[in-house]
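Undergrad: Generate coordinates for the entire structure from the input sequences, incorporating the hints supplied.
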Amino acid sequence: MQELAKESPDLVDLIILTIHSPEQQKKKVISELTDNIKKSFL
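Just so you know, we're using our numbering here: the sequence shown kicks off at 261 and counts up by one.
If you are wondering where the hints come from, they were derived from the structure by calculation, not from laboratory data. One should not assume that every hint holds.
Simulated crosslink set (DSBU-like; lysine-lysine; CA at most 30 Å straight-line) [to be verified]:
hint, residue 1, residue 2
1, LYS298, LYS266
2, LYS286, LYS266
3, LYS298, LYS286
4, LYS266, LYS288
5, LYS288, LYS298
The structure displayed is predicted, hence computed values, not measured ones.
TA: Quick look at the structure:
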């Protein structure tokens, strides 16, 4: 997590926020994250 924090602090903030979010919102954020990660590898 510390390595990730150095590379992209916004992502770490998002992960922390997601952990404390309601279940429905978690699913939405996680699917958006997954899409963004896939796009970044293409």
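Undergrad: So which of those numbered hints doesn't the model satisfy?
TA: Checked against the structure, no hint fails, so every one of them is satisfied.
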